[in-house]
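Engineer: Residue numbers (this note's numbering), protein chains in the order written: chain G, 243 to 322; chain Y, 243 to 322; chain B, 243 to 322; chain V, 6 to 438; chain Z, 6 to 438; chain X, 6 to 438.
What the hints contain is simulated information worked out from the structure, not anything from laboratory work. We put the CB at the ideal spot given by N, CA and C, even for glycine. Mixed in with the good hints, there may be bad ones.
Unchecked claim - Cβ-Cβ distance ranges computed for the label pairs, FRET-style: (1) L268/B <-> D109/X: 44 to 50 Å; (2) T84/Z <-> S22/V: 44 to 50 Å; (3) L33/Z <-> V136/V: 31 to 37 Å; (4) V136/X <-> G260/Y: 43 to 49 Å; (5) V136/V <-> G98/Z: 28 to 34 Å; (6) V355/Z <-> V136/X: 37 to 43 Å; (7) V136/X <-> S121/Z: 41 to 47 Å; (8) N43/Z <-> V136/X: 32 to 38 Å.
Unchecked claim - Listed next, the stretches of chain X that the computed footprint assigns to chain G, with coverage defined by at least 3 CB atoms under 8 Å from CB atoms of chain G: (9) 271 to 280; (10) 322 to 329; (11) 415 to 426.
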Amino acid sequence: MTQSLMTQGLELMLYGMGSVLVFLSLLVVLTRLMSALVGQTSTELSATEPQATPANREVDPRTLAAITAAIHLHRRSSES
Amino acid sequence: MTQSLMTQGLELMLYGMGSVLVFLSLLVVLTRLMSALVGQTSTELSATEPQATPANREVDPRTLAAITAAIHLHRRSSES
Amino acid sequence: MTQSLMTQGLELMLYGMGSVLVFLSLLVVLTRLMSALVGQTSTELSATEPQATPANREVDPRTLAAITAAIHLHRRSSES
Amino acid sequence: MDPIISLWVASGLAQISLGQLVMVSISLLLLYLAIARNFEPLLLVPIGFGGLLANVPGAGLALSAMERATLLGDIELLTSLSAVLGVAAGSPGDVLVSLYQQADPSARASVDALVSAAGYGHGMLYSFYQVSIASGIAPLVIFMGVGAMTDFGPLLANPRTLLLGAAAQFGIFATVLGALALSQYGLMDFTLADAAAIGIIGGADGPTAIYVSSILAPDLLGAIAVAAYSYMALVPLIQPPIMHALTTEAERGIEMRQLRTVTRAERIFFPLLLLILVALLLPSAAPLLGMFCFGNLMQECGVVDRLSDTARNALINITTLFLGLSVGSKLVADKFLDVNTLGILGLGVVAFAIGTASGVLMGRVMNRLSSTPINPLIGAAGVSAVPMAARVANRVGLQANPQNYLLMHAMGPNVAGVIGSAVAAGVMIALVR
Amino acid sequence: MDPIISLWVASGLAQISLGQLVMVSISLLLLYLAIARNFEPLLLVPIGFGGLLANVPGAGLALSAMERATLLGDIELLTSLSAVLGVAAGSPGDVLVSLYQQADPSARASVDALVSAAGYGHGMLYSFYQVSIASGIAPLVIFMGVGAMTDFGPLLANPRTLLLGAAAQFGIFATVLGALALSQYGLMDFTLADAAAIGIIGGADGPTAIYVSSILAPDLLGAIAVAAYSYMALVPLIQPPIMHALTTEAERGIEMRQLRTVTRAERIFFPLLLLILVALLLPSAAPLLGMFCFGNLMQECGVVDRLSDTARNALINITTLFLGLSVGSKLVADKFLDVNTLGILGLGVVAFAIGTASGVLMGRVMNRLSSTPINPLIGAAGVSAVPMAARVANRVGLQANPQNYLLMHAMGPNVAGVIGSAVAAGVMIALVR
Amino acid sequence: MDPIISLWVASGLAQISLGQLVMVSISLLLLYLAIARNFEPLLLVPIGFGGLLANVPGAGLALSAMERATLLGDIELLTSLSAVLGVAAGSPGDVLVSLYQQADPSARASVDALVSAAGYGHGMLYSFYQVSIASGIAPLVIFMGVGAMTDFGPLLANPRTLLLGAAAQFGIFATVLGALALSQYGLMDFTLADAAAIGIIGGADGPTAIYVSSILAPDLLGAIAVAAYSYMALVPLIQPPIMHALTTEAERGIEMRQLRTVTRAERIFFPLLLLILVALLLPSAAPLLGMFCFGNLMQECGVVDRLSDTARNALINITTLFLGLSVGSKLVADKFLDVNTLGILGLGVVAFAIGTASGVLMGRVMNRLSSTPINPLIGAAGVSAVPMAARVANRVGLQANPQNYLLMHAMGPNVAGVIGSAVAAGVMIALVR
Ligand code: NA
Ligand code: NA
Ligand code: NA
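If we strip away everything but chain G, and leave its shape as in the complex, we get:
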């Protein structure tokens, strides 16, 4: 209960660093497992990939304006 500050600090280091190592080691294992499992089932997900969402189908009107303006300007410059 009345440990010195240094003892508390050493404990914090021990358990803290231990937790970080255990956590990330587990994550290594589980990530490999996940990659192995998902490699086989991922066809379904990737099948939906080409379906763009409404959000990225829209083109920024200003960008469109920029395209139009660029082409227009260019035509004029190449005509002259």
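Keeping the supplied structure of chain G fixed, place chains Y, B, V, Z and X with the ligands upon it in accordance with the hints.
Structural biologist: Chains Y, B, V, Z and X with the ligands only, in chain G's frame:
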């Protein structure tokens, strides 16, 4: 006061659905009226339309950069 | 303490307008001083100018798309 | 206490409950539907993820500071809390929480001070919920953005279609009755307010459903929002059989007259007209429809493009993010894992079906009574679910007649349905609260 | 109570007052000016719409929870409230509200608990006002965005023009005196704080006017903001006659020497210099000018473009939306339909006129004293109203001399006017509060 | 009082203290480093400017309403406050403030009412701090945006590199011990909580450091945030000598095998896997890593691009602005000008150095044990400081072997370091609070 729940529900249905129908029917009438009235007075409003606001007069600098870059790139590609 | 409202107003005008004039006059003097000082030391700052930050190095993907599209469209239109 | 024991006791593994496991599975299912099946992903991704976060054992992210203190606090804190609330030490946490909720302001202030001194703050999701939903703000801001994205052109060109949007709201009120019947026969346990909130699922309009249930039935909000968004995604499956059953091949093939062009002035006056009508007839719908009209006016008036652009982009996106996480915070076992949730899910699909049917039937009636032809299929779009239901009407119409492009015609009842369910919401709030 | 009677009693038609009708008309007028006449639409569209919402009868969107309870609550709730506040049952609502405002903290907490238990929350616009204006945040955030949009180049090239921005603030203080004179003679009823807030209209700077009146005269905020933005839109009408009256044709035709280029370092140091001067001389102006300088520094330093871009786009737009609606919440009959509002509108135009005149006269003085020529017209831009006043100066100059491009020269006094009125605001807050 | 005296007394010149002057200089130094030397400008520009604002004398922008009242209030107000707090009239301001902080809720409410009636509100920066940092929200929202900007591809292609991210966190815990040793020997005065917050500087991750110190050591937050961001900018100076010292030329030249491509499904499942692991093992890290995973999932799932785009643009920019100003509000003399700040600055650089060293050493160990070659330099990227540390690893690698492109390989440990320090943060919060 001590109506059954079902009676309260029936009342809610009656008055609720009634309100929705009355409200939207009124809106039909008023919308037609508005369209009829506004058809004659709308010249004034549409007269101001071409005056762009400051907000849409500004061109996004990146868009401008895009135009410039596009033209520039094109010129180089058409020169070669 | 029991000044009339008008006296308070006159005082507010006197001290308020005085403060505004003093403040902005001081700002004139200090701005000139700053411009004079900075003119000599500004080489260092301007030297860093060409180093773009990550923020403005990135090009908006949609803008890029616009450039590409513009060039592409143009090529097709000039081919035909 | 030994740190390794502290860490174990604080870990999720030591604290997880069966209910949390089930809720995690449900949240993952929602994420699956959103990501792999494209079920309203803009809402269901944040809702599903919020559900995961809300069920992190031992974190209490969806709890208030007081609830977190009773869950995570040490014996000393619990004893002090019991003393302030005038109950024996060792009383269970939920007793303390319910006493706190009924306590007088000064006792609550003392509890708050104790809890805060012990280092417990509100959980992250609880804060999000309070700011975005309990305040009512998030659904209103989203409605403003929806207004800025709404085109009233087709409605203005053919105002009669407003009646289709009215008829389709019958699904709402029929469902209210259904919910009450389930209670009457003792199968479920819904109050009138609960039933009203459940009915609004039939409005097929997410922000309206969340707004109404945050007022009338906050405990059911999770289930109601999940049902509303899920069924909106299922509109292409739910509606066509009903549309086929209630129309003849000839009716489905009816081509409609091309819509007239609508002037800018009409577009500007319409939201103002709608707001004034709301103000005069149904003030309780004013927050929802007011923000909706505001967004639409900004869009149509053409002089504040910076603002309308922000309302339908950055602002609606930010709000959707936090709204979704906040709805997810209600996906907790003690509120969601309940027979009532099954009832809500069942009633929700009934609401959609009845709404679709009444829209289509009203379409048939109008077609008979009117001089210009009306394809009854566009009545199905009256449930709202913008723009999904209008697309469904278009597709079914094309099946019957390959020249029959109904999309623009269906957009009229589609946006009318948004107005209709907001009006229905206003009536509910006025009569039930 | 019969539902149809509930609905009627709750409807707007049954509750509308003459005052609300007038305020609705005024709000529609503001929308007309904004949309059809392009009067500062970014502010006047939200303000006008906020005014409409604030006057929805029976909704109480601009009221606090307590005010809504006294307006909409049943007899039982009102009796309980009267009991807590120690007044006879049946006391009118406004008595209860004013007692509540003076009550001690514990009585207020009890009232809050009662009101909340009865289901009354703050009105939507009331919440917006508290968060955006009462907190002081929204005008400051807008000022940051304005800073990020401001180009101090012309000012740095010709710092003398700061004096024109100083002189034009005379309109502010003359108007304060005018407002007090009206009170002295019993025509109006303004306190010193009211008069100071009204004077700031002459600063021709919306966020500054809103910031000052939220501190010194919250009740007048609606009228002051409306006057400030309306007259800013009227600058092209108000200023030219005064400019013509106070200058000769020859003076108006004076061409000015081309401005030198300004280095990046000068642009970076200027906002810091300004902030330090504010810190040393006038801390009460530090919030306003601090945020202004922060926005400008972000813009000019060139290394945080993401942030300055957000400050002058998404963030300022979101803030403007809610600021406008919040200002609109003050467009309610009991605060706006008052002879004082007429006084404010009258004094506002006087403030603009005097500010313009003093700017022009200072321009003449400086032209005489200075070795390099100064066109006195650019003094009129010292009132701020960026960039409208600078454009007006340019146009009047071109009329006198078709080679005379004053726009860039007028931008110096124009942004100096922003600094000047923020300094004046600081003095007011320091001396009056 | 004569107005000119009021203005003088209220001016900054009359009130400035030596401490404020020093803090202004430090803030200007931070701005210089950010603007001219490109030290993490997105954070250090707002932090530095916030520091300037916090030290405006006589404005009290970083103080609460109560603190401002004791600083700026008149004798009458101070007497009333003393009476309510039960202390003799004329007690110094800081005595009143500390009594207020320990007072019971009702006394605090009375003080609040008095202060508010006298017109004192919270300072602007104080409000920003409360909303953005004290609530914990801003670091979490930034972490969400960081998640949406993070590419876990390299990590998924080579999961072993997670261990490098783990090893580099040793800098954190070694620094905790160092801080406690300084206290033990009486050189500094840090509690365990202070030491833990200081250690997190070694995580080289700004939002994590701010989040932890807002919970464990709010008074040190200014110094910790400044140290964290400054050293992140100094990574290209701090790391290379250590990397050279601990590796041979041959090791630095090791070329790594090209990374395999990673499927979309793996990218989607990874944030969910990480969240579930956090939920089971370390709930106290759930807010930080939960928001991080949420941002990443939104980005990778590809169906909510509007939301992820907003999360990593408008929303993170707005939040960064206010977070930076709020951190700056802690740059005040009585908290910053302290020998402890020197300790924090010293310990911070030690933390970075030890973290770099342990990452590199772990890299050497893994290279020996593994069948596929691992360049130990990429271990240095395990401290995070994304993407600076990965670039440093790449550059040092190229010096040893011009064919050796380590950038993508170093991104794995780099993002692993973000996870590692968030885990370390969770452990600290669980064990220390
Ligand atoms: Na609907
Ligand atoms: Na001005
Ligand atoms: Na790290």
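Engineer: Taking the hints in turn, state whether each one holds.
Structural biologist: Hint by hint, here is what the structure shows:
Roughly 49 Å separates the CB atoms of L268/B and D109/X, a value that falls within the hinted 44 to 50 Å. One distance hint, 44 to 50 Å for the beta-carbon pair T84/Z and S22/V, holds here, with the actual separation near 46 Å. Taking 31 to 37 Å as the suggested C-beta distance range, the pair L33/Z and V136/V conforms, at roughly 33 Å. The beta-carbon spacing between V136/X and G260/Y, approximately 46 Å, falls within the hinted interval of 43 to 49 Å.
The hint said 28 to 34 Å for the Cβ distance between V136/V and G98/Z, and at roughly 29 Å that hint holds. A C-beta distance of roughly 40 Å is found between V355/Z and V136/X, which places it inside the suggested range of 37 to 43 Å. Checked against the hint of 41 to 47 Å, the C-beta distance between V136/X and S121/Z comes to roughly 23 Å, which is inconsistent with it. Checked against the hint of 32 to 38 Å, the pair N43/Z and V136/X passes, with Cβ atoms roughly 36 Å apart.
With 6 residues bearing a CB less than 8 Å from a CB of chain G, the segment 271 to 280 of chain X meets the requirement of three and the coverage assertion stands. Interface restraint, the segment 322 to 329 of chain X with chain G: violated (0 residues with C-beta to C-beta distance below 8 Å; minimum three). For the segment 415 to 426 of chain X, the assignment as covered by chain G holds, since 3 residues bring a beta-carbon within under 8 Å of that chain's beta-carbons and 3 suffice.
Violated hints, in rising order: 7, 10; the structure is consistent with all others.
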